[in-house]
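Novice: Chains as they are written, first to last, in our numbering: chain L, 543 to 834; chain U, 652 to 945; chain V, 1491 to 1896.
Only true hints are included.
List time: in silico DSSO-like cross-link candidates among lysine-lysine, alpha-carbon distance up to 27 Å:
#1 V:Lys1849 x V:Lys1822
#2 L:Lys578 x U:Lys728
#3 V:Lys1714 x V:Lys1686
#4 U:Lys827 x L:Lys578
#5 V:Lys1686 x V:Lys1662
#6 V:Lys1657 x V:Lys1891
Hints are computed from structural coordinates only; laboratory data are not their basis. Nothing here was measured: the structure is a model prediction, and the numbers come from that model.
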Amino acid sequence: MPSLIQLLQSVVDGIANGAILALIAVGLSVIFRLNKFVNVAHVDLATVGAYATLFLVSGFLPVFWLAALAGIAVVALIGYLSHRLVYRRLDGQRSITLIITSIGVAFMLRYLVTFIWGSNQRSFDLPLMRAVRFGDIRISPYDLTIVGIAVAIFVGLFVIMRYTSLGRALRAVADNPSLARVSGLRTEHLLTIIWVAASALAGIGGILLAVKTVITPYLGWAMLLPAFAAMIFGGVGSIGGTFVAAIIIGIVSEFAAMYWLPTYRLAAIFGVIVIVLLLRPQGLFGTKAVAK
Amino acid sequence: MTAYIIAIGIIALIYVLLALSLNLQWGHTGLINFGLVAFFAIGAYVSGVLSLNGWPIFLSMIVAVLAAAAAAWPLGKLTLSLKEDYLAVIAVGFSEVVRNVLENEAWLTGGPSGLPGVPRLYADAPPAMRDMLLFMTLVVAVIVVVAMMERLLRAPFGRTLRSVRDNETAAAALGKDVVSFKTRSLVLGSGIAGLAGAFYAHYLTFISPEQFTPDVTFNVWIAVIIGGSGRNLGVILGTFLLILFLEGTRFLNDVGIGLDGSQLGALRFILIGLALVLCMLYRPSGLFVKQERV
Amino acid sequence: MQFTRRDVLKAGAALATFAVASPRNVWAQGSEEIRMGTLCPITKAGSIFGPGMQKAMEYAAADINALGGILGGRKIRLFSEDSQSEPDAAVRAAKKLIEINHVETVLGTWSSGVTMAIAPIVMQGKVVNMNVSGTTDLRDMKKDDWIWPVGGSNISYGNMMGTYAVKQGYKKASFLAFNNPSGLTLGEEFKRVFEKAGGTCEVIVYNPNQPSYRAELTRALASKPEVIALGSYLPDTTILLKEWYVMDQPVKWIGPIWAVSPALIQAVGKEASEGIVSIGAVPNIDSPAYARFQERYEAEMKQKVLANPFAAVAYDMLVTCALAMEASGSSKAEDFRKKIREVSSPPGKKVFGLDEALKAVRAGEKIDYEGIGGNMDFDETGEARPYFASWVAENGELVLKGRVDG
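Based on the provided sequences and hints, a complete structural model is requested.
Specialist: See the structure below:
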C-alpha cells in the first residue's frame, strides 16, 4: 500500500505535467469550439515555439526569458498567418476538410523544423537544479515555475473573460458567431485575437516542455492525444474546464505509471475519459448544446 | 521493374480496401473515424496469430474480418450515442490503446518484437509468381467489396445511411434508429479494414505494433478526401495518387538535388503537407469528383 | 455528382505519366560501375543515426573509388534510400533499390522491425544486407550468408552490461527498459546475468515520448538499488537523468553507448552525468584509419563518432563488401557473400587500413579486416560479435576504461 506521502508526491508530479498540457490543450479546445474542427497542427506550434526560442537564445538574444518571449511572438505570428492564409479561407467547409488541411500544416511545420535543425535532440542551456523539499515532498524549482506560470496565465484568462469588455465580446463570439456579427461586434478582429492567443499559449507550453525535457521535432506531436483527451474531458471550449481536466490527466497518468504499469499511461487516461463521458457527456465543464 | 510495380500495387490495393472501408463510414454515413488503423491491426494480428498456430490461411482471414467487425461494435456503442461528435478523437485514442495492448501482451502478440514468419499466401507457388497471384487476388477482393458496397448503398440501407449523414435530426425524426445505422456502418467498414489487415500480414510476413500507428489512419483519410469521398472510384484513384506521391518523391534521391539525406527526407514531407493544404484550398471535394458547393 | 470522362482521362494521363517517367535504366550508365544500395533510417525514430551511417558509407565508396575502384578499376555507385525506421516504407524502398536500381547490397538497416521485414525480400532478391539491428530473431533466422548483423545483438549488450555490473560488485539493480525489442531484450539478459551471479534486479518497462518519467524513475529507485541499468535511447535517457538529478537520490548508472553518449553529456551537463557508465561495441580507436574517419566525420556531420556508434560500423560494412567482391572476383551478391567471412574474420592477416586491405586481397592473401567501427568478425551464423568496452563520464568527457569480456 503506498503511503500518503507517496500518493501526494505522485499528485505533485502529475500537476506539473498537467500544467503544460493545459497550456497546449486550451487553444485546441477553443479552436474546436469556434471553428468546429480539431486543429491537428496546434500541437506543432508548441514545437515551433521551442525551436524559435532555441534559435534566438543561441544567437541574437542570449538571455533566456527574452528569447522565450520572442519565441512566443514568433509562434503567435505563425498562428496568425495560418489563420489568415489558410483556415479563414476554408470557413464554412466541412470539418474534415479543415482537419486534413491542418494535417498538411502540421507536416509543413514539423518537417520545416526538421529540415533546418535536423532530428538530433537539442536542449536549452539552463542549469540543472535540485529539488526543493516541503517536508518529504520534492518539487523541482522548474516545475514550481512552470505551474506558477500556468496558473498565472489561466487566472489572467479567467479574469479577462469574466470581467473585461474584451472578454465579454470574445465569449459572445465563441457562443454564437453569427449573432455576434449581427450585433455589431468586430467578429473577424476578435476571432483573430483568439487564434493568436491560442497559438501563443501553445508556444508557451512548448517552451516550458522543452525546458523540462528535450527539444525534438516531435515535441508537440507527442502531446496530441493527451491534448485531445483534456479537450473532451474538460468540455470543449471551456478554458477552466481544460485546465482542470489537464491537471487531472497529468495526475491520472502519474498514478497509472506508479501503481499500475508505466506502459499503460495512455490507456488509463482514455479509460478515465470514457467513464466520465458515459456519466457526463459534455465533459466536466462543457455546455450541453454544441453543434456537431 | 515489374516486381517493384507489383509490390507498390499490392500495398496500394491494401490501402484501397482501407479507403473503401472509410468511404462507407465517412463518405456515406458521415462518421469521422480516426481509429481506422485499430481494425487494420486487429485483422492483421488475428489472421497472423491464427495462421502461425496452424490454422489454414483462408480460415484465419475470415476470422480476422469477423474479429475486426466485432471490435467496432463496442466503439460504436460507446461513442455514437454521445451527444458531441467525439468519435474522431475517441477513435484515435482507441486505436492507440489497441496498439498499447498489442505491445504489452507479448504472450499473445509477440509484443514489440512483433510476429515474424507469418505464412504467406500462395506459399507453394514459385517466388516470382507469388506476388503476382497476390496482386490478382487483391484485385478480385477489391472488385467484390466494391460490388457489395454498391449493392448495399443502392438499397434502402444505403439511402438511410446517406440521410443520416446529411441530416441526422431529420432522419431521427423520421423514426430511423440513427445510432443503430451508424453502428452497422462502422461494423461493416471495420470488417473490410480487417480484411485489408489480414492481406497485409500475409504479404509482409512480419507485423509489429509500430506499423499500426495513427499515421496509417491519416494516410487513408488523405487518400479518401483527396480522391473525393462518396464515390468508390474517386477514393480508389485517390489512394493510387497518394501512393504514387509517397513513392514518387522517393526518386528525388536519385535525381540528387544536392541536399543531404535527412534534409531530403524532411523536404519530402514538407511537400506532402503543402500538397494537402493546396488540395484542400482549391479542390476541397476531391480531385476526381466534381466540386460540390458546400 | 458525376465525374466526367475528361476527369477520368486527366487522372489516367497523370498516372500514365508517372509510370512512364518512372526511372528505367536511365541511370544504368555503363556496366562498369558496381551498384550498392543503402537503406538507413534518415527520418523518424532512427534519424539520429541514419544520416551519419549513410554519410559513412558515402565516405567508404569515395575512398575505394579514390584508390582506383575494385575488380579492375570499376567504381562503386551508391543508391541511398530512407527506411523511415518503418517496416512498411522500408519494404517499398528495398524493392525499389533491388528492382529498379539493381543494387547488389542493401546496407545499413537499423531498426529491428525494418531488418526483419526486408529479410525475405533481400534473400529473394539475392542481395546482401548488413545491419545494426539487435533483435535475437536475427540470430535464430537462417540467413544463408545473405544477412549479416554487425552491430552487436541486444543480448550481447545486455550481457555485457550485466557482466560489468557484476564485476563492480553490485548486488541490487533496477533496469529501465524502453518498450521495444531492444530495451526489453537488454533488460531480460541483464537481469539473467545479474541474478545468476547472485544479485536481484527489477525491470521496469516504459513508453517513449512522454513529458516526464518521474513515476518510472521512482519505481526504479524504490528498491534502493545500487545501480540502475538502461535499455533506452537518447531523448528518454536525457529526461531520466535530468529528473534523477532533481530527485537527488544517489545511484549509479549504466547504459548502452547509443544512449549514454557525448550527446547525452552535452544535454544534461557535467554534474548530472558524472560517473555514468557507457557500455558499447568499441571502435578500433587505436587505428589511424579511425582517426582519419573521426576527423572527417565530426567536421562534416557535427556529431561525435561516439554519439553515433553505428556510423563507423557502416563504413566497415561497405568496405567489407568491397573486399569480398575483390576476393571473389565478382560483384554479384550471390558470389561475394561467400567471401565475406574470409576477408573479415580470423584466421588471416590482420589489416586495419583500406589501402593495405585491398592490396593484400589482390595479392591473394587471406586477411582479417579489422574495421574502424568494430572487428567485423563473423561467427558461423553470420553475426558479428564486436568487442565491447566501457566508458565513464568524467568531468564532461567520456573516458574509455577498457574491454568488457562476457
